[in-house]
Structures are given as structure tokens and as C-alpha cells.
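Undergrad: Since each chain comes alone in its own frame, lean on the hints to assemble the complex.
Chains as they are written, first to last, in this note's numbering: chain S, 1 to 125; chain Y, 1 to 236.
In case anyone wonders, no lab produced these hints; they're calculated from the structure. Ideal Cβ positions, reconstructed from N, Cα and C, are used throughout, including at glycine. Don't take every hint at face value.
Now the in silico label distances, taken between C-beta atoms and shown as ranges [unchecked claim]:
| id | chain 1 | residue 1 | chain 2 | residue 2 | range |
| --- | --- | --- | --- | --- | --- |
| 1 | Y | Leu150 | S | Phe12 | 53 to 59 Å |
| 2 | S | Asp78 | Y | Glu209 | 24 to 30 Å |
| 3 | S | Thr123 | Y | Asp120 | 39 to 45 Å |
| 4 | S | Asp64 | Y | Cys133 | 17 to 23 Å |
| 5 | Y | Asp48 | S | Glu83 | 28 to 34 Å |
| 6 | Y | Met218 | S | Thr123 | 52 to 58 Å |
| 7 | S | Ala43 | Y | Arg27 | 47 to 53 Å |
| 8 | S | Leu58 | Y | Lys65 | 39 to 45 Å |
| 9 | Y | Lys44 | S | Glu83 | 38 to 44 Å |
| 10 | Y | Ser61 | S | Glu83 | 47 to 53 Å |
| 11 | Y | Leu15 | S | Ala43 | 26 to 32 Å |
| 12 | Y | Cys133 | S | Leu15 | 45 to 51 Å |
Below, a sample of chain Y positions facing chain S; criterion: calculated Cβ distance under 10 Å [unchecked claim]:
| id | residue |
| --- | --- |
| 13 | Phe149 |
| 14 | Glu153 |
| 15 | Gly162 |
| 16 | Val170 |
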Amino acid sequence: MFDKGKVLGGIFIFLLCASLPFLFVPAKQKDMPELKLPEKEKACIEERLFMREKHMRLLSLLRDEKVRHGERFYKSRDGRVFEVDLSGTCMRCHERKEEFCDRCHGYMGVKPDCFFCHNYRRTGT
Amino acid sequence: MRRREFLRLAVSSILVLVSPVRVLAGRQKAWAMAIDVEKCIANKGCNDCVEACHETHNVPSMPEKRHEIKWIWLQGIEEVLGAQKREDFKEKEVPVMCNHCDNPPCVKVCPTKATWRREDGVVMMDYHRCIGCRYCMAACPYGARSFNFLDPEPYIKNLNMGFPRRTKGVVEKCNFCEERLAKDLLPICVLACKEKALLFGDVNDPESEIGRLLRKKMALSRKGHLGTRPRVFYVF
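Looking at chain Y on its own, in the form it has when it is part of the complex (with noise of 0.2 Å):
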């Protein structure tokens, strides 16, 4: 067999034994958020979204704001989306929590792997192996990210027995709700939200609720141009 055929053989069987596997193995999901922003700021004042996180991922109110910890939290849509020139947007804020970026940053600077990206596009924590460094704060260019600095038990509101707490000296920040997805379940903030103006679900699926919006509706990701490519998209 010659040197060319060989490769052409190779290659071919490659292709035929991988290709089924795929089909089998199935689309790879990839869960995103679209936050319709009309919707949003519709109900001026309301915290729904953000009390929902917090109570169910036992997440502390701190009494001084160098301390706060926070998932989910409402700015102003002059900064997180840049300069909007519309009248109706001024001091009008929207959710804004971890993006689940693509291209993650926070991930490439953790030293001890304590933060990565799942296949479905959840970037995950294990507060296990999270040491604390911060690397992946100074690296987020969200702010999504929080350091307890003491320990947040005592500041837990109503503790939800049902999910854990943290520790003083590891960061945390918004999971997408990835103990919820197990069990098929949408996220808290997604549910909390009475307006309906949040909606997630599964890109890769052209049938989808979410795909079929960002589709149609002109979609806004946060600062776009640091190639962070965001999960979290706000339609207009």
C-alpha cells in the first residue's frame, strides 16, 4: 500500500467509526439566558430575580459593602450595556450576574482548576479546591465575582438547608443554577421573575424558546469586544 492510500484509509475509517458515535452521543446542549430588557425595566423597583438567588443559594446579606457578596444584582443599563442613547433607559437597571462565558477568563487564571467550563457552557465552581487568590476577580471583567472575607454564615437571612453555604476565604458567584438543571428544573431567577423576562434554555436547539428570540430580537452581550463571548444576553 502506498504512503497516500494509507492515509486516505486511515483518515476514511476515522470518519466512519467517529460519525455515528456523535450522532448517538447527541447535540451537546448549551444553555444561555436572554433577559428581554423592555420587560425588565417595565416594573421599575422590583428585586424579585436577585432575592429569589440569594434565599436559595444561601447567599449572605453583609452589613458593610466592601464585604457584600453577591450573584445576581441590578445596575444601571448606561453601564452594563455602554452609552445608550435612549430617553427611557435612563436610571433603569437590569439584572446582571456571571455571563458563562465561552472564553471564560476567569478560568484560564485559576491556578487550582477550582473554577472551569462544563461542556454545556456552565462555568462551575468546586469551593473545595478554591484557594482564595482572587486571580479569577481580578480577572472577570464583570465583577461576578465575590470573596468572602468572613465567614457569611451569621449574615444568612433564612439558611436553605437544601443548598450549602461558603466559607470565609473562597470567591463564589452565580452557578446558572446548575443544581437545578440537574434535576431539569429552570433557574430560581428565571422562575422569580413575574414581568417573564428572563428566559433560558438551550441555544444549540433551533426549536427552542431562547433560540428562537435571539434569533429574531436584536441581542446585546455585555462588552463584546474583550472576545469573552457571554451566555447572558440582554434582547431588545
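Excised from the complex, chain S in its bound form (with noise of 0.2 Å):
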């Protein structure tokens, strides 16, 4: 083999480049956003995990289902039912919107779109 210490070293460089990430995991994030959950209920309309992960894909499969197909009513895993409304419904246990659903956003650098057109409670009103 030519070069066999060139080749090797970049092998080697290559794979400490790659694995960096792997090796330098701080034990916890410290600048994790803290939620202000809302004060009145105790639950969302489905689990904490499963709200956490998932509600970008809950929240559109609703929308689709009550725009396009006019289903206004959710009934969630453990029978309680909810009206499809992002401003009604979601908006008003989590009045605002800057300490829930920015705090997360602005963490992992998405951009939703939902404020555009739905309304929510701004800053002072």
C-alpha cells in the first residue's frame, strides 16, 4: 500500500472529526427552554411525551381532517373530546404564546407558520 501512514492518519482524523459530537455530550442541556405550563388544567389533550414529539404532526392531521373534510371534534385516547380549533381550543389553556410554543421553537430554530393567520393573546392586551 502507498501512503500508508497518510492514508491511516486521515482514517483516523476522520473518524475523531466524526465522532466528536458522540464524545462531548454535556450530561444535561442547561439551556433547555422551561415551559410555563398552564395553570388551570393538569392535562393536554394527549400525553406529555406524545404532545412533546408529535403535536406538529397531531396539529396538521387535524387541520387537514376539519378543513377538508369537516371533522370539528377530536376525540382524544382517553374519550375526552375537544373542538379542532387552534385558537380557541389550544390558545386558551396556553394563553401565551411567547412562554410555550416560542420558548420551544425558538430552542430548535423552527419557524411555524400557524401565527400568521391564527390568532393568540399578544403581549400586553
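TA: Put into C-alpha cells, the structure is as follows:
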């Protein structure tokens, strides 16, 4: 093999770089956003973990069901029934968008366009 | 079994199976609106239907005409229904809006199916899907659709928190108060009219008020020759 040292050295450096993110995992994320949960309500429409991971999929599914198929109510897995309405149902509990939605979205760097149209209570109102 | 017998049996069994389903499913509703022209023009200068609609649906008042957004507006009768010879119709205006056509050209041209016709006749808009190509605006012969050239939010006078706004880059139009129909409420323009000139109902129901009115009086729809079959009628 020609240039054995260089090739092996190159592979070693590459592997080192590729594994850097796994080598330096912070024990706990320090700047994780703190969400302000609704005071009056104890449970969201589905379990907390489910909502955290899949709320975007659920919202988009409910949106299509309502707009395209006229399905205006959602029955959660534990049997409770909710009206499908972002401003009326979701934002009634999560009153402050800035203290709930925006915190994670800002942290993750995602920019959902829900609130270009859907109403929410503005700060100071 | 011979071929002919088989076909006969197949067709009759399909009919037997399908007919109770149709009966159980009930008659499909067919929403329509009738505008009583005489009653409407009696109160000249009245703008109640337009104001009520635009306030309810967060329709902005744009400062410039070229950015104008409208769901329902007033237009001269001569322009709306073609040449009218009647003297008392001169310079009188009637409300015009999306006609919720039975054969809607806007639906045919929409490349993303952001606009479609519901079974009950409401021509719907899905603002989530609209890409703002404005084909529908070119296709609509009634000019019932408006495009958001600007972000409409600063131009909405009193924001109704119960109904979404729209955003820059989407087309919008009258939705026959679809959100109210779902709650068994009449469209807001119908309620707002003090003259009771607007009538809304299910034309598939022979007992409905609108059905009776349309049978009794002369009813015109706009640009009938185009074959769009509007669901908004002007009765005399």
C-alpha cells in the first residue's frame, strides 16, 4: 500500500472528527427552555410526551380533517372530546404563545407559520 | 348461468344494496342564497351586510384600491345583472359575493386543490394550501376573489379572535359562513340585513323558505351563459 501512514492518519482524523459530537455529550442541556404550563388545566389533549414529540403531526392531521373533511371534533385516546380550533382550544390553555410555543420553537430554530393567520393573545393585552 | 342473467342479477343486487344506503344517508344539503332586489335597494346607502361580514372574518380595509380585499361588496345592478331597462334600478346597488357555483371554474384551475367544492355546494378555500398563483382569480368571472399583496394584519380594524386572519400571498373569498353553518347558524350577512333582503337555506329541501321563494318569483343568477351555475340568486 502506498502512503500507508497518510491514509491511516487521514482515516483516524476523520473518525475522530465524526465522533466528536458523541464524545462530548453534555450531561444535561443547560439552556433547555422552560415552558410555562397552564395553571388551570392538568392534562393536554394527549399525553405530555406524545404532545412534545408529535404535536406538529397531530395539529396538521386535525387541521386537514377539519378543513378538508369537516371533522370539527377530536376524541382523545382517553375519550375526552375537544373542538378542533387552534385559537379557541389550544391557545385557551396555552394563553401566552411567547411563554409556551415560542420557547421550544426558538430553541430548536423552527419557524412554524401557524400564527401568521391564527390569532393569539398579544403581550400586554 | 348465462351472461345476460348474470348481468341482470348483478345490476339488480347493486341497486338493492345501494338504495337503503342512500335513504339512510339522507338528502344532501344544497346551500343557496337569494337576494331580494326590491327589498335591498329600498334602503339606499346601507352597507350593513358588508360591514358585518368583513368585521366577522377579519377582512382588512386596505388604503389603496389595488390592494383591496373583499368578500362581499356593493355593485350597480346594471353591472351585476346585465342591462336593466327599469328606471328605478338606475344607480342602485346590490351585494355581490362569491357565487359558490355548482360548476366552479376556480376549482378547476387550482393547481394545489386549495379550493374545492364541498358536497353541500360551498366552494371552500384551504389557506394552508394556497400558493398564491392567482389562477383562480383569473378564472373567476365574477371577480369574487382577492389577493393579499400585503400582510393584512395592520389593516384589520377590530380583530375578531374567533376567526383566523389571512397572510400575505394567499387568495381569499367569501366562504358562505361555513364556520357558522357548522354550528347551525345563518351567514352573518343574512343576519345583519335589517330589510331581510337576504335569504339563505337549503334548496334541496322543498319546504325551505328559499326553495319556495325561488319557485314563486323570478330569480336571476349572474352571467348564466357561462354555465357556472351560481348558487346566489337575485329575485324580483
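Undergrad: Between Leu58 (chain S) and Lys65 (chain Y), is the Cβ distance one that fits in 39 to 45 Å?
TA: For Lys65 (chain Y) against Leu58 (chain S), whose Cβ atoms are near 42 Å apart, the range 39 to 45 Å holds.
Undergrad: Is 28 to 34 Å a correct range for the gap between the Cβ atoms of Asp48 (chain Y) and Glu83 (chain S)?
TA: holds (29 Å)
Undergrad: Return the status of the interface hint for Val170 (chain Y): holds when the least beta-carbon distance to chain S is below 10 Å, violated otherwise.
TA: holds (8 Å)
Undergrad: Quick one: are Met218 (chain Y) and Thr123 (chain S) within 52 to 58 Å, going by C-beta?
TA: Given about 56 Å between the Cβ atoms, the range holds.
Undergrad: Does the hinted range 24 to 30 Å hold for Asp78 (chain S) and Glu209 (chain Y) at CB?
TA: violated (44 Å)
Undergrad: CB of Ala43 (chain S) to CB of Arg27 (chain Y), is that within 47 to 53 Å?
TA: With a Cβ separation near 41 Å, Ala43 (chain S) and Arg27 (chain Y) fall outside 47 to 53 Å, so the hint is violated.
Undergrad: Hold the hint about Gly162 (chain Y) up to the distance rule: shortest CB distance to chain S must be less than 10 Å.
TA: Cβ of Gly162 (chain Y) sits 7 Å from chain S, so the hint holds.
Undergrad: Confirm or reject the claim that Ser61 (chain Y) and Glu83 (chain S) have a C-beta distance inside 47 to 53 Å.
TA: violated (30 Å)
Undergrad: I want to verify a distance hint. Is the separation of the beta carbons of Cys133 (chain Y) and Leu15 (chain S) within 45 to 51 Å?
TA: With a Cβ separation near 49 Å, Cys133 (chain Y) and Leu15 (chain S) satisfy 45 to 51 Å, so the hint holds.
Undergrad: Please check whether Leu150 (chain Y) and Phe12 (chain S) have a Cβ separation lying inside 53 to 59 Å.
TA: holds (57 Å)
Undergrad: Holds or violated: 17 to 23 Å for the Cβ distance of Asp64 (chain S) and Cys133 (chain Y)?
TA: Check passed, 21 Å falls within 17 to 23 Å.
Undergrad: Taking the CB of Thr123 (chain S) and the CB of Asp120 (chain Y), does the distance hold inside 39 to 45 Å?
TA: Cβ of Thr123 (chain S) to Cβ of Asp120 (chain Y): about 41 Å, so the range 39 to 45 Å holds.
When held up to the earlier numbered hints, the structure conflicts with 2, 7, 10, 11 and 13 and fits the remainder.
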